[in-house]
Amino acid sequence: MAYKYPPREIIDPEEVKRSMVESQVRRSNAAIAEYEEREKRRIKTLESAPKESESHVNHEPVLKSTLLKNEENMNALGKGSFSSLSLGMKSFEVLKAQEALK
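With the numbering used here applied, the sequence shown corresponds to residues 60 to 161, in that order.
It cannot be assumed that every hint is accurate.
Taking lysine to any residue pairs in the SDA-like style, the calculated list, with each CA pair at most 20 Å apart, reads [stated by the list, open to error]: (1) K76 - S87; (2) K103 - S87; (3) K99 - Q83; (4) K110 - R100; (5) K99 - S87; (6) K103 - I91; (7) K99 - A89; (8) K103 - A92; (9) K99 - K110; (10) K76 - N88; (11) K76 - R86; (12) K99 - N88.
Derived DEER-like restraints, expressed as beta-carbon distance ranges [stated by the list, open to error]: (13) A108 - I70: 42 to 48 Å; (14) S87 - A61: 30 to 36 Å; (15) R101 - R67: 49 to 55 Å; (16) P109 - E81: 42 to 48 Å; (17) E106 - E74: 45 to 51 Å; (18) K63 - E93: 47 to 53 Å.
Just so you know, the hints here were simulated from the structure itself, not pulled from any lab data.
The model shown is predicted, which means the values in this text are computed figures rather than measured ones.
All C-beta atoms in this analysis are idealised placements derived from N, C-alpha and C, irrespective of residue type, glycine included.
Model the full assembly from the supplied sequences, consistent with the hints where possible.
Dropping the structure here:
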């Protein structure tokens, strides 16, 4: 009993190319339509949004005196508890070293 295979479908390379191009065109057209729809919605949203009268961000140039004040504040913070703590640790280490020498 010989099994007969179904006849092989003849694939035309031109048909394959044409169908690939058609599917690419459909996808790109869909992407373009989606982009245009998003742009329309974005423009509509921007138009309907309330206009801000004043921004809360200050866009004026930063003065050098302000920068110097900030630096002084940072230096003042350094002279506080942190630096005295580090000095205390150094003196503790010195005491330990002196005891070790005895």
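*R67 and R101 - C-beta distance against the hinted 49 to 55 Å*: holds (52 Å)
*Could you see if the CB distance from A108 to I70 stays within 42 to 48 Å?*
Because 55 Å falls outside the window, the suggested range is violated.
*asked:* Please check whether S87 and A61 have a Cβ separation lying inside 30 to 36 Å.
replied: Hint violated: Cβ distance 49 Å, outside 30 to 36 Å.
_Pair hint K103 and S87, alpha-carbon separation not exceeding 20 Å_ = Given pair K103, S87 is violated - Cα atoms ~24 Å apart, limit 20 Å.
_For K99 and A89, compute the direct alpha-carbon distance and say whether it is at most 20 Å._
holds (15 Å)
_Proposed proximity, A92 with K103 (alpha carbon, max 20 Å)_ = holds (16 Å)
*asked:* Just to be careful, I want the Cα atoms of K110 and R100 compared with a cutoff of 20 Å; is the pair within it?
replied: OK: K110 and R100 at ~17 Å, within 20 Å.
*Between K76 and S87, does the CA-CA distance stay at or below 20 Å?*
Since the Cα atoms of K76 and S87 sit roughly 16 Å apart, the hinted pair holds (cutoff 20 Å).
*Take a look at whether the Cβ-Cβ distance between P109 and E81 falls inside 42 to 48 Å.*
holds (46 Å)
*Measure nothing beyond the straight line between the CA atoms of K99 and N88; if it is 20 Å or shorter, mark the hint as holding.*
With Cα atoms ~16 Å apart, K99 and N88 stay inside 20 Å; holds.
*For E106 and E74, compare the CB-CB distance with the range 45 to 51 Å and indicate the outcome.*
holds (48 Å)
*With a cut-off of 20 Å on the C-alpha distance, tell me whether K76 and R86 pass.*
holds (15 Å)
Of the numbered hints listed earlier, those contradicted by the structure are 2, 3, 13 and 14.
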